[in-house]
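Each chain is listed here by its residues.
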Amino acid sequence: MDSLPFVLPFAELEVGQHLYWQIGNLRIHGQVFMTSWLLIGALLALVVTGTKKMERDPKGVQNLLEFLWDYIRDLARTQIGEKVYRDWMPFIGTLFLFIFVSNWGGALVPWRLIKLPSGELGAPTADINTTVALALLVSLSYFYAGLSNKGLRYFEYYVHPTPIMLPFKIVEDFTKPLSLSFRLFGNILADELVVAVLVFLVPLVLPVPVMFLGLFTSAIQALIFATLAAYYIGEAVEEHH
Amino acid sequence: MDSITTAASVVAAGLAVGLGAIGPGIGQGSAAQGAVEGIARQPEAEGKIRGTLLLSFAFMESLTIYGLVVALVLLFANPFAG
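Sequences listed follow chains A and B, in order.
Residue 1 is where the first sequence starts when you use the numbering used here, and the numbers rise one by one after that.
Residue 1001 is where the second sequence starts when you use the numbering used here, and the numbers rise one by one after that.
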């Protein structure tokens, strides 16, 4: 779009500009892949170093990982329920950790120092494609959870209190991924935009508290995404009597 | 893109965020009221109330964020730009 150029001089705010990679017929956003691979690598390195030499009395990284494990287990258990939460804990934990690390990695790592020919590096979750992919994974997994746990009785859920609820429940299947993906994408992009605009207006001191607020909200968004994913799965496997 | 489309897009982007902020604003106000009343009645439950309050704030905030997403689409990825 040429008529609304929104490239600020200081902050170099570039929305909607990407580093395109052409793979066959697909045009993919290269900068998202680069940052997410880097962050996945960092996360994997952390987990591998933490679990390599495990001790009975956890110290350092192992202690942190055990704390995270407890946290994720509590989250999954309260939302999904005692019976099947173990099957879904890896999924919920991966979602939470990936989103958390992407949000904070996008904000804390000085990606600006690396110049790209087009677009800029940032949080992978500030790209709508990432969040839609994550949300669709959640949709697929709650269908799978319902069908594998209850078979065709899963569809009783659609007419559960009364059959009048049927259209609403069907619409809900479409609005769930929509709201999940838009919530995450919008929050992370809004954080980046607010910081960029403030840096453009007042380049000193003033943006710092807003950056901390951004870190706080992005941590909460990771928690919300994981909680909602667990809640949807829990709703699908719940037994009605 | 002709100037009338640009003007309409910018006005609509402003309205999308501005109008979208009204409802969640009222909602967050009444949620905070409830939390403060809860803490006043039962100060030992403050930690639990704060956690729930922040989580529900984030849900309400996401409604404004939907408006923001619409505004951003209008500004940066306008489908009507010729």
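Treat the hints with care, as some may be off.
[What the hints assert, rightly or not] So these bits of chain B aren't anywhere near chain A, every CB distance computed over 12 Å:
1) Leu1019
2) Gly1023
3) Gly1025
4) Pro1043
5) Ser1062
6) Gly1067
7) Val1069
8) Ala1071
[Said to hold, decoys possible] Just some of the chain B residues that point at chain A, by a computed CB distance under 8 Å:
9) Leu1054
10) Ala1058
11) Met1060
12) Ile1065
13) Tyr1066
14) Leu1068
15) Leu1072
Source of the hints: derived by calculation from the structure; they are not laboratory data.
For clarity, every value in this text was computed on a predicted model and none was experimentally measured.
Glycine included, each C-beta is placed from N, C-alpha and C at the ideal position.
Consistency of the hints with the structure:
1. No Cβ of chain A approaches the Cβ of Leu1019/B within 12 Å, the least distance being about 16 Å, so the stated non-interface status holds.
2. With a minimum CB-CB distance of about 15 Å to chain A, Gly1023/B clears the 12 Å threshold, and the non-interface call stands.
3. The claim that Gly1025/B is not at the interface with chain A holds, since no C-beta of that chain comes within 12 Å of its own (minimum 16 Å).
4. Chain A leaves Pro1043/B outside its interface by the beta-carbon criterion, the shortest separation being 24 Å against a cut-off of 12 Å.
5. At the 12 Å boundary, the C-beta of Ser1062/B falls inside the reach of chain A, the nearest C-beta of that chain being 4 Å off.
6. Its beta-carbon lying about 9 Å from the closest one in chain A, Gly1067/B breaks the requirement of being farther than 12 Å from that chain.
7. For Val1069/B, the condition that its CB be more than 12 Å from all CB atoms of chain A is violated, with the nearest at approximately 5 Å.
8. Its closest Cβ contact with chain A, about 10 Å, brings Ala1071/B to no more than 12 Å, contrary to its assignment away from the interface.
9. Hint on Leu1054/B holds. Least Cβ distance to chain A is approximately 6 Å, under the 8 Å limit.
10. The interface hint given for Ala1058/B holds, since its Cβ lies 5 Å from the closest Cβ of chain A, which is under the 8 Å cut-off.
11. Checking Met1060/B against chain A by beta carbon gives a least distance of about 11 Å; that is not within 8 Å, so the hint is violated.
12. At a threshold of 8 Å, the smallest CB-CB gap from Ile1065/B to chain A is about 4 Å, leaving the interface hint in force.
13. Annotation: Tyr1066/B was flagged as interfacial toward chain A, and the flag holds, the nearest CB pair being 6 Å apart, inside 8 Å.
14. For the restraint placing Leu1068/B at the interface with chain A, the shortest Cβ-Cβ distance is roughly 5 Å, inside the 8 Å limit, so the hint holds.
15. Below 8 Å, beta-carbon pairs count as interface contacts, and Leu1072/B has one with chain A at about 7 Å; its hint therefore holds.
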